[in-house]
Amino acid sequence: MEAVKEFINAVSRPQIMFPMILAVFFFVFSPTDRLLAINKRLGLYKLWTKRGGIVLFLCLFLAFAFGLMDMNFAKIVTKPDNVPIVGLIFLIFFFVWFSMKQAWENDARIAAGGRPREAEDSKEKILVWPDLVYIEFIALILCTVLLIVWSILLKAPLEEAANPTVSPNPSKAPWYFLGLQEMLVYFDPWIAGVLFPTVIMIGMMAIPYLDTNKKGCGYYTFKDRKMAISIFMFYWLVLWFFLITVGTFLRGPNWNFFGPFEAWDIHKLEVLTNINLSELVYMVWLKQRLPENILLREMGGFAVVFLYFGAMPLVLAKTLFKKVYAALGPFRYAIFTILLLMSISLPIKMILRWLFNIKYIIAIPEFFFNI
Amino acid sequence: MGENSAGKNGFLDKLSRTQVAKAIFRTGIPRDRRQRMMIMLNNVFLHLHPVRLPKHAVRVKYTWCMGGLSFFVFLVLTVTGILLMFYYRPTVEYAYGDIMDLKEQVPLGIMREIHRWSAHLMVITVWLHMFRVFMTGSYKPPREFNWAVGVVLLVLTMLMSFTGYLLPWDQLAIWAITVGSNMAGATPMVGTSGPGSSLLALGDVNFITSSSDARFAMIGGRFIGEAALLRFYVLHCIGLPFIIMIFMIIHFWRIRKDGGISGPT
Chain A
4 MEAVKEFINA VSRPQIMFPM ILAVFFFVFS PTDRLLAINK RLGLYKLWTK RGGIVLFLCL
64 FLAFAFGLMD MNFAKIVTKP DNVPIVGLIF LIFFFVWFSM KQAWENDARI AAGGRPREAE
124 DSKEKILVWP DLVYIEFIAL ILCTVLLIVW SILLKAPLEE AANPTVSPNP SKAPWYFLGL
184 QEMLVYFDPW IAGVLFPTVI MIGMMAIPYL DTNKKGCGYY TFKDRKMAIS IFMFYWLVLW
244 FFLITVGTFL RGPNWNFFGP FEAWDIHKLE VLTNINLSEL VYMVWLKQRL PENILLREMG
304 GFAVVFLYFG AMPLVLAKTL FKKVYAALGP FRYAIFTILL LMSISLPIKM ILRWLFNIKY
364 IIAIPEFFFN I
Chain B
21 MGENSAGKNG FLDKLSRTQV AKAIFRTGIP RDRRQRMMIM LNNVFLHLHP VRLPKHAVRV
81 KYTWCMGGLS FFVFLVLTVT GILLMFYYRP TVEYAYGDIM DLKEQVPLGI MREIHRWSAH
141 LMVITVWLHM FRVFMTGSYK PPREFNWAVG VVLLVLTMLM SFTGYLLPWD QLAIWAITVG
201 SNMAGATPMV GTSGPGSSLL ALGDVNFITS SSDARFAMIG GRFIGEAALL RFYVLHCIGL
261 PFIIMIFMII HFWRIRKDGG ISGPT
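Taken in sequence, the protein lines are chains A and B.
For the first sequence, the numbering used here assigns the number 374 to the last residue and increments by one with no breaks.
For the second sequence, the numbering used here assigns the number 285 to the last residue and increments by one with no breaks.
Please note that the accuracy of each hint is not assured.
Cut-off 27 Å, straight-line C-alpha distance, at most; resulting in silico cross-link-like pairs (DSS-like, lysine-lysine) [stated by the list, open to error]:
1. A/K49 <-> B/K42
2. A/K218 <-> A/K229
3. A/K218 <-> B/K81
4. A/K104 <-> A/K126
5. A/K104 <-> A/K217
6. A/K128 <-> B/K81
7. A/K53 <-> A/K229
8. B/K75 <-> A/K226
9. A/K217 <-> B/K28
10. B/K81 <-> A/K217
11. B/K42 <-> A/K218
12. B/K81 <-> A/K229
13. B/K28 <-> B/K42
14. A/K126 <-> B/K277
15. A/K126 <-> B/K75
16. B/K75 <-> A/K104
17. A/K53 <-> B/K75
18. A/K128 <-> B/K75
19. A/K229 <-> A/K104
20. A/K218 <-> A/K326
21. A/K8 <-> A/K78
22. A/K229 <-> A/K290
23. B/K75 <-> A/K218
24. A/K128 <-> B/K277
25. A/K53 <-> B/K81
26. B/K81 <-> A/K104
27. B/K75 <-> A/K217
28. B/K123 <-> A/K175
29. A/K158 <-> B/K28
30. A/K352 <-> A/K362
31. A/K126 <-> B/K81
32. B/K123 <-> A/K78
33. B/K81 <-> A/K226
34. A/K43 <-> B/K81
35. B/K123 <-> A/K82
I should point out that these hints are in silico values taken from the structure, not numbers from a laboratory.
If we strip away everything but chain A, and leave its shape as in the complex, we get (with noise of 0.2 Å):
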């Protein structure tokens, strides 16, 4: 018991655990047609069946059931706060497991030459009363009852008044926001709490812009639109349900890792071994002091993200992306590149922070410039 408990705290490990969900994610959720071979032949798509399902709930379930005989993560998972988080992760599996069965049902279907289940009926019409109105009206009462018992079930958090003086520790947002907040391990404020947040937006209001297959309107696919949906499923699924489940559940006092059975130790020592790359460069590898210059010292850094969003998009006009350029257009492509490379910067920087102990590619403290 403890030793498998041991075991799920050393697994859990961002220095293991994000590595492992990249190296298995574009698996499942496959973009290209070579991947999705491989899909194939290792059976990942039999997860969005029926069968599927059940394995994929029972293991969650089981997997929260034996948690929850754990003191330290009942605790987490019971504050008020946290219980819609729990239902948001059961709700995000079912409703991933769900969509991702009609898709592939479908894509079965029109396989074997056949239209969408959609299809079938779609030319059908039904009148909005009662057919429509009454799914509703149910709709809305199992809604108004769920809200009464939860509501008699869980009392709302109340703390003590509120004390300027008195921090706690740790300091969290709101759970919506610890997405954010946990991308500021990561990034400095002004990129994670106020760029991100922006190009976020803008970036999902560019989605029908950028995605110009006509395929895939009003039924549920996967084939037809294998890119789109495994590039949203990457954001959807990873850079933000993650890591909203990391800063709610794993994340504690002075914002420490901790695994899910671990005790939230206020004393636990990280060591900050985290170095910038102009101290990898001068200090380490060319064994000398910082240059006085800023320019000079940062030269390596501005030339990294120059080559990164200046050079990298022509290059991957040429190579990668070849059929992407090709059917957007140079402005369409540019807009893509430029936000897909500031979005995967994230988890470049993860993987730098975990594995290589880099802070920052950029540092300039002085004007509060760090990247």
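Using the hints, position chain B against chain A.
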């Protein structure tokens, strides 16, 4: 009239034939096809819907009901929110005590609970609605604009929830908002701790200081206090609901104008 079957002479039928009922409802009990169509046209609330829909569109399997539930939960929040406003004064002196009173003095009171859990639920249903719309490819033409309106509504939902988080004025509230609002201070150029803020200066005089930056504008002070509480209260109860309603009107209107619910062609 005498030929009516027994079922049509029930109490409800008699009631529906009175002048008052006719004046209010016009259509009567919707039994035949014509009446069922008329009721959708004659009722302002039902008129949000079209009269007829393709069959796939009413399947819960397809829509998950999440958009409709988001709207419903919004209405629940509005009603419970109005009730809570009767008992809550947004000042540092009274706020916490008023919430404490709600908790301690009201037997079986669950208004605050319903409001808080509904707020969480609305964030969840809105996210899931967005997820469904993505998975069915419903943002594709001609619905690009409505997707953008939806993104705005999603952000507004989270802002509503964020501003409401401060109002109980307990430790949970002010520190969560402190963490959130500190970000504003890091806005490039216009936040004191953001990059480039020191560039906005005339000689030795900085324009961007902790009492003139973006964070100050947001919370009306250097730290979360009286002004922040009032600001968040007004935004939470009037400001943001006003904006969110405008966008909801556009959202619902555009669903109809963009050809109704998405479906295979």
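Hint check:
1. A/K49 <-> B/K42: Roughly 57 Å separates the two Cα atoms, so the pair is violated.
2. A/K218 <-> A/K229: 11 Å, holds
3. A/K218 <-> B/K81: 20 Å, holds
4. A/K104 <-> A/K126: The given pair, whose Cα atoms are some 23 Å apart, holds under the 27 Å limit.
5. A/K104 <-> A/K217: 22 Å, holds
6. A/K128 <-> B/K81: 17 Å, holds
7. A/K53 <-> A/K229: 21 Å, holds
8. B/K75 <-> A/K226: 24 Å, holds
9. A/K217 <-> B/K28: Measuring from Cα to Cα gives roughly 51 Å; hence the hint is violated.
10. B/K81 <-> A/K217: 23 Å, holds
11. B/K42 <-> A/K218: Violated, at roughly 48 Å.
12. B/K81 <-> A/K229: Holds, at about 21 Å.
13. B/K28 <-> B/K42: Distance ~16 Å between B/K28 and B/K42 Cα, so the pair holds.
14. A/K126 <-> B/K277: Within the cut-off at roughly 19 Å; holds.
15. A/K126 <-> B/K75: Holds, at roughly 7 Å.
16. B/K75 <-> A/K104: 20 Å, holds
17. A/K53 <-> B/K75: 24 Å, holds
18. A/K128 <-> B/K75: 6 Å, holds
19. A/K229 <-> A/K104: 14 Å, holds
20. A/K218 <-> A/K326: 16 Å, holds
21. A/K8 <-> A/K78: 16 Å, holds
22. A/K229 <-> A/K290: 48 Å, violated
23. B/K75 <-> A/K218: 21 Å, holds
24. A/K128 <-> B/K277: 18 Å, holds
25. A/K53 <-> B/K81: 14 Å, holds
26. B/K81 <-> A/K104: Status holds; Cα separation ~11 Å.
27. B/K75 <-> A/K217: Roughly 23 Å separates the two Cα atoms, so the pair holds.
28. B/K123 <-> A/K175: 24 Å, holds
29. A/K158 <-> B/K28: Since the Cα atoms of A/K158 and B/K28 sit roughly 48 Å apart, the hinted pair is violated (cutoff 27 Å).
30. A/K352 <-> A/K362: OK: A/K352 and A/K362 at ~8 Å, within 27 Å.
31. A/K126 <-> B/K81: Roughly 17 Å between the alpha carbons, so the hint for A/K126 and B/K81 holds.
32. B/K123 <-> A/K78: Judged against 27 Å, a Cα distance of about 23 Å means the pair holds.
33. B/K81 <-> A/K226: Measuring from Cα to Cα gives roughly 20 Å; hence the hint holds.
34. A/K43 <-> B/K81: Within the cut-off at roughly 25 Å; holds.
35. B/K123 <-> A/K82: 18 Å, holds
Consistency note: the structure conflicts with the earlier hints numbered 1, 9, 11, 22, 29.
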